[in-house]
Amino acid sequence: MTITSKNPILVVDNVRTVFHTPRGDVRAVDGVSFSLKPGETLGLVGESGSGKSVLGRTVMGLISNDARTTVTGKVTLDGVDVHGVKRKERRKLWGTRVAMVFQDPMTSLNPVKRIGTHITEALRYHLDLDRKTAEERAVDLLTQVGIPEPKRRMTQYPHEMSGGMRQRVVIAMALACDPKVLIADEPTTALDVTVQKQILDLIGSLTTERDMATVLVSHDLGAIAGRTDRVQVMYAGRTAEQGLTSEVFAAPAHPYTDALLASIPQIENAPHSILRAIEGNPPDMANPPSGCRFAPRCGYADATCTSVLPILEPTPGTGRSVACHHPLLAGAVREGSEAAHGR
Amino acid sequence: MAGSGTAHLRDDQERALTVENLVVEFPVTGGTVHAVSDLSIDVLPGETLGILGESGCGKSSAGRALMQLPAPTSGKVRLGDADLTKLKKNEMRQARAKMQMIMQDPVSALNPRRKVKDLVAEGLEIWGFEGKDRAKFVDDLLFAVGLDPDVVRDRRPHELSGGQCQRVCIARSLALDPDVLICDEPVSSLDVSVQAQVLNLLEETRERYNLSMIFIAHDVAVVKNISDRVMVMYLGKTCEVIPSDDMQNKALHPYTRLLLESVPSADDAQNAAARVLESGATKAVELPSPLNPPSGCRFRTRCPLATEQCTKEEPQLREMRPGQFVACHNVSA
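Chains as they are written, first to last, in the working numbering: chain B, 1 to 343; chain D, 1 to 333.
Here chain B stands alone, though its shape is the one from the complex (with noise of 0.2 Å):
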């Protein structure tokens, strides 16, 4: 997990994207920027509705201009434009350069189909491998990612599996074809804590032996805290801050990932302590908030922050970016947040 000095594999430019909704255009994504090392782990945090997801799966291509949806800005991913070129040519990148590992184990497997067919169908799509060939590598496959007896697997039905196992069967079919980019989208939110022990750790495993770049989308911070080299904070579509993980979390710059550190519980907290809970609702992205959309829930707020915008900036001399007006200085003692989450 060491950030060396490859060249980005993956860029994404100031994505947005708009669903064409009847209730009117909703912002889901609304000029994320980032770029991603081989090797590299980034985690998007940030609550639902954040479009966190939605990101994710515009890097991926899996939305993409149509009927409903306007996706401008630039993916580019190992030198191709993910938006720019034709549906075909965007379905061989899939498996092969970018693949993804997404929330609910249940639902992304095929229920009629075997555990070994869906591995070896990629395989043969995509490599063009004959079965018996695909077969070993299947089995191959399923040991990597920690599955006993895989050879007795390879003819089960998902039904038959556990929610960790199934989640460890949709890992193994994504890392089939050798992808450079993996997407995790909440990979273990529905799993049980042990079980998302051992997914997280697989993950990053394999992230380092395959030297893949690795998007780890999710909602639970301390998972992102261990996991990833650098986190992207993201709000009602925005970014709010990014940086290396370490340093956004020991000092949040944006109120928002203060204040979202500040109301998880932690366990070094006495019983009955109260949390520094986040007031109000996140807003409704078809007709956001003038100015910074975190204002309203924001106790720093002023009159600048309700009427402009603000956008992303380096902080001089840190590689952190942060948007908002009244950035809280790494140091600075500030009421009732001092040390709050013991992080």
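Certain hints may be false.
A few chain B residues that don't get close to chain D, going by computed Cβ distances all over 10 Å [unchecked claim]: (1) D13; (2) V18; (3) T21; (4) P38; (5) D104; (6) K151; (7) K197; (8) D220; (9) S263; (10) H272; (11) V308.
Residues from chain D shown here face chain B by an in silico Cβ test under 10 Å; the list is partial [what the hints assert, rightly or not]: (12) G123; (13) V220; (14) D245; (15) Q248.
One side only, chain D facing chain B, incomplete, derived with CB under 7 Å [as the list claims (entries may be wrong)]: (16) E54; (17) K132; (18) S161; (19) D191; (20) S193; (21) A196; (22) Q197; (23) L199; (24) N200; (25) L201; (26) A221; (27) N225; (28) L258; (29) S262; (30) P264.
Calculated directly from the structure, the hints in this document are not laboratory data.
Ideal Cβ positions, reconstructed from N, Cα and C, are used throughout, including at glycine.
Fit chain D to the supplied structure of chain B, relying on the hints for placement.
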């Protein structure tokens, strides 16, 4: 873990709710699901008991069995002076008003066709409202759970967010002035920022109405934050009962330790990398089937300390430190 036993019950104190040897089994094709096997708990007035466990450990079945929804296969549930399992249907209905439940999914727990004011007043309607002004009573309740009565009174559940629906559920459960509140994963379907609001509200509510609470959840930190006492369950059995203050550092049962280690933390990546170098990719571990649970200690198939004795003998809850009870053959204080 397999633990059974009643060593942790506090017979000498006044208790709001006592459960002894609760068993919940569901007959299915090909056998019986042993959802809860021999669970005993007690809750003092004003105390919060957290029940912690993974999915399939029987924590929700236990919560529902307390409400007699459906009634447990066997065991005793005493609320105040009444043994709920022995009551007739009508008496049960009356007794149940003193014990209320908050469900995991607040949106589906509310009738989508009714207005918030009617939803909150439903219990009052059934039991007869004794005060003068019912509308005011409902407004006060809505205000108490942090909703603006003028805004939400005439709305229906689909017009509210998940967090607001959960607040309505809480208002509804408070309407009949219960003694015991059973919360079954009340915050697991909510966003973190909203989760904190609801947890704070539950805490305030418990204090203001002097409620006893049973808080069922899978999140270690959430349970620790809200509870006085935590009970850890695995496959229908009790592993450990521990004061929540001691949980982080003094937990003894191997399963409790496993849960604590699974809490994501900032140095996970390094630890994981070290482990991979040492022993290769982590192997998947399956939860044994509740249709055919392991003999002896039910946790032995995943337990690092398991011995021959664990396959044969079921461990009983033993007091390790004052207030801490562990069901394991192989740990000592």
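Mind listing which of the numbered hints don't hold for this structure, in increasing order?
Numbers 7, 8, 9, 10, 12, 17, 25, in rising order.
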